[in-house]
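Enquirer: As they're listed, the protein sequences go chains A and B.
For the first sequence, my numbering begins at 1 and goes up steadily by one.
For the second sequence, my numbering begins at 1001 and goes up steadily by one.
To be clear, the hints were calculated from the coordinates, so they are not data collected in a lab.
C-beta: ideal position from N, C-alpha, C; glycine also.
Some hints here could point you the wrong way.
[What the hints assert, rightly or not] From the structure, some residues in chain A lie toward chain B, with a derived Cβ separation under 7 Å:
| id | residue |
| --- | --- |
| 1 | 48 |
| 2 | 60 |
| 3 | 67 |
| 4 | 70 |
| 5 | 71 |
| 6 | 77 |
| 7 | 79 |
| 8 | 138 |
| 9 | 140 |
| 10 | 145 |
| 11 | 156 |
| 12 | 157 |
| 13 | 158 |
| 14 | 164 |
| 15 | 166 |
| 16 | 167 |
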Amino acid sequence: MHTIKANCATCANSPAVHEIRARVPGLVNVFALPFRDAQWAYPGVGQVPGRHSENHYLTVAAATRLLDLTRKFKAIWPDAPRLTLNDASLEWGGKFDIPGTWEGNPNAHAEHRLGDSIDVRANDAPGAVPLAIRAVVFRWLRKQSRVEDNIPPEFVIDSVNPLREAIGHPNEHFHLRLGDWHEKFKVVRMVIVGALRFAVASVAATEQ
Amino acid sequence: MSGLCASPLLAWPQLNNEGYIDGESIKFDPRSGDYIVTYYGASGNGERLVTLVYETPNKIKPAVKMQIRSTMGRDIAYAYDVSNDRGAKQDIYAFGFSVRSPWWEKPELVTHATAVGQVNAGNLLGAAQAIETRVTYAGSIEATRMKQSSQWLPEVSFAKTNRAFRFNWQAHPNKQPLDDIKPGQHRAGFGLRLPYLPGLVTFGFDGNSKPFGFPGAAGGDSKIWKDIDKLMFGSTAPAPSVKSLGPTVLIPEPFVAQSLATGIRDDLATWVAAGQLSEPLAQRLRSGLDAIGNAAELNNSAGVLGNAEQVFYALFSRHPGMRYEHCENDDEPDKSKADHPELSRLAARAIAFNTFELTKRYFVQQLARR
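With the rest of the complex left out, here is chain B (with noise of 0.2 Å):
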């Protein structure tokens, strides 16, 4: 029988059975909303229990207008308007959101993966190369694809896959005064002009709490450290968000009408899991989309055309009102009308605008092969 045993490592304080120090908490104080936060650590004077209030970033109110728009080319043009109720006691910062999708683009443009390669074969200069492609091309994107006013900062990151992406605004930093959108205020001109079909997107907001700071370093083994992470960072204090649309499906260049049709039919199931589609209505709307991809790959056109009306029925019977007009150029849809049970608005909204841009681009193809 063989054993193995590490020297043991100093530890003190000792971390108790829960894995923290005793004494060490975070606790919810429901009159201000804020969180009491006591860790052992550095207190810029000795370790000790050391006592901080938290204020967490999420005394905000925000609401997203929306208008999705068909544009000449490829590319779908979104613009969002924001706005913080009067009731929010704090002024929104930044807002965005993640989609997890493919980039369109090569991956080595969005990844550290390139760099981390160079380094790794001893090619230095190669990896500045990467580094200095990577910050170029997302600056560019910025630049040319995201739309706001000149008090805002655009932003964009990518997961190292390449299978997420995420588009921020920030009020400029360094442009006083800071244009936050204090409570009662709205600000317009948020935009973004990319290859995507309209999918489901969670809006997040940040308010601009006052600032946290520890007194020392921060860190240690206590499981209090990751209770902090995810206040600070994660989803213990969630802000409010706010379910929208932006850019999500991609549409293929060149042009395949089956491979979008596959593209949409995929895309169901994010309003599925979101509970803003009905599974067996999610069944019929995937046939119709097939059948649409099927006719379209034999050039039948008709076949085309009568598949997107029955797309078209299964939603527009659900959301009276709601119009093949409304596809191409779209405001946000009436919140005074009740959502259906099967198909909520904003999802019948989404799939429409998909289905007609599908059988638009399609015929505008098939004339162009004439």
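Okay, chain A solo, but in the shape it has when bound (with noise of 0.2 Å):
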């Protein structure tokens, strides 16, 4: 939800404000058809009652690309756990305030906002990646990243950029960028754009 506000020196009714709710389209939870029958375990896992309980939203692209990893990964290791999600993006996208205070603690989660980034539980809880191949995990995943950067969106190569976040801690887990840049910028352009293409209606809808 944002607020907009709007000042103009030779209007009756100045300033004008109008709210607006923005958020990324086209996000689908991966727990639902199409992928309901994916490798990865089921439910999920980190959601919070009251607070984020739908928190396992990615663009299309973002989780077919999530189902190419998970069946790679069950081939290759046929004996381990199915993988575990943990948070992705919340139902519209948008900020994951993890406390849910919404103030200070800005950074917090902050490549969960588009629905390109999930978490793999990857700690000793119950269904995460076993310590014992968890270092190789990795490695492999590291293999599935993008190598070069500055290169056209026409040649951009599926990838699957990996960060191992919390490492030696109880939250340790695997964080798998799904997206790409070119993606990135197109859904925060298309956001933007349409919010205060709208709010600039509903404003001039007000001074009318």
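Hints are included, so try docking the two chains, each in its own frame, into the full complex.
Expert: Given below as structure tokens:
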């Protein structure tokens, strides 16, 4: 939810204020069809009732890429537990404020806003990537990454740039970036431009 | 006069004028060859400046020995041996290359577009089928088109536009002991079998560096995260690369000599861009290849042969000792011989191979028509 305020030097009703809702378009729940029968464990983890209970939303491209990845994982490590998925994005995307305080902590879950990143459990909890293979799984994931930058979007090859987060801590996990920068900029532009257009139209209507 | 302003976002700590939080940096340590990364973020114990060492996966000394061979059918067989020099400090655990070229199959088999379109249309079952088809297809390429020992894992990936693809191999992560190529070792038997003539490709390699992990969540609005991204996944600390030959020029099906001549002709630009072929010589070769294609279109076999001879002369006169026999079953070029300033041995080898294949396939087609 954003508040847009318009100032007008020659209008009688200045300033005009309007509230708009901005959301990342096209996010899907990775536990819904067509992804329900995927290789990942059900249910996912990380839901906090009353605060953010819908935390497994991705873009279709990211979810499809995740599906590719988990199938390969299962083919390589058939005896390992199915991957347990933690936070992706909220249903509308946007700021994923873990403590729910909505102030301070501006960088929290910074990459979980646009539906192109998801965490995979890699600690001592049930269903996590076991310690015995954790390093080699991450090494495998690293090789799924994009190794070029500044290349035209038509040549960008599917990638999964992984990060290993909270290493050595109880919340250790793999953070998988399933999108690409071109998609990301496109989504951000869509959201911002769409919101501003709506706001301008709304404020203009108010002034009339 | 009207103006718009958004409600202010919470921003703590403040970014400085350069877009960083004060104290953040990435510094190269010339003694170790590693990078010292300092960022403001989650530490596992509150937010503060965190300093980590990023060991670059580039302390390797790779080389590739390559062989290309024409098969009885449409495909060209590529074979690669990979080595890691004794002076390397890390093992090589993965390597591969990308090609910018159209794939020869239908794009819907290799991109996410079909699945995304089905989801957007509300046909979730169709999306599931599209995903399944795509995954199965990529698996079939890895199983039938890529070659390696059982200790290595093949992988093919595609651009969503179907305009680029990548082949990778990595030591199979679930076959112990891991078959990483240690300093002083080499591995043979990697290969591809594809309907593409050779062109310039750049092999990239990954050394088995120490795993790099963050004590808390990564990411934020500071520019440091873009820099870290570039360090880990981009070009800040590139691993050594090796130029070699790989599948680049699509052989049309059904075979059309003029179309293939155009493909070989267009690929000359890659060699020019890489500084391995001079533009004046490239223009002469383009003329020769165009003439071959035009003669083939008119079923003028003498014209095909005569123009091919001229192309071969332009290549072989600059690399004495290179012969027709090298075209059909070619080993690594003799590295002891100096490159010609107008034409590298690697470029000469690829263009000669391709011109030979073009003329050979033209005459095979002519024979089949009789």
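Enquirer: All hints are to be evaluated individually against the structure, with a verdict given for each.
Expert: Okay, the hints, checked on the actual structure:
1. 48: Since chain B brings no Cβ nearer than about 16 Å to residue 48/A, farther than 7 Å, the hint is violated.
2. 60: With a minimum Cβ separation of about 5 Å from chain B (threshold 7 Å), the hint on residue 60/A holds.
3. 67: Hint holds; residue 67/A Cβ to chain B Cβ min 6 Å, cut 7 Å.
4. 70: Status violated, d = 10 Å.
5. 71: Interface hint status for residue 71/A: holds (6 Å vs cutoff 7 Å).
6. 77: Because about 5 Å separates residue 77/A from the closest Cβ in chain B, which is inside the 7 Å limit, the hint holds.
7. 79: violated, 9 Å
8. 138: Holds: closest Cβ of chain B sits about 6 Å from residue 138/A, inside 7 Å.
9. 140: Because about 4 Å separates residue 140/A from the closest Cβ in chain B, which is inside the 7 Å limit, the hint holds.
10. 145: holds, 5 Å
11. 156: holds, 6 Å
12. 157: holds, 5 Å
13. 158: holds, 5 Å
14. 164: Hint holds; residue 164/A Cβ to chain B Cβ min 4 Å, cut 7 Å.
15. 166: Cβ of residue 166/A sits 6 Å from chain B, so the hint holds.
16. 167: holds, 3 Å
Checked against the numbered hints listed earlier, the structure breaks hints 1, 4, 7; every other hint is satisfied.
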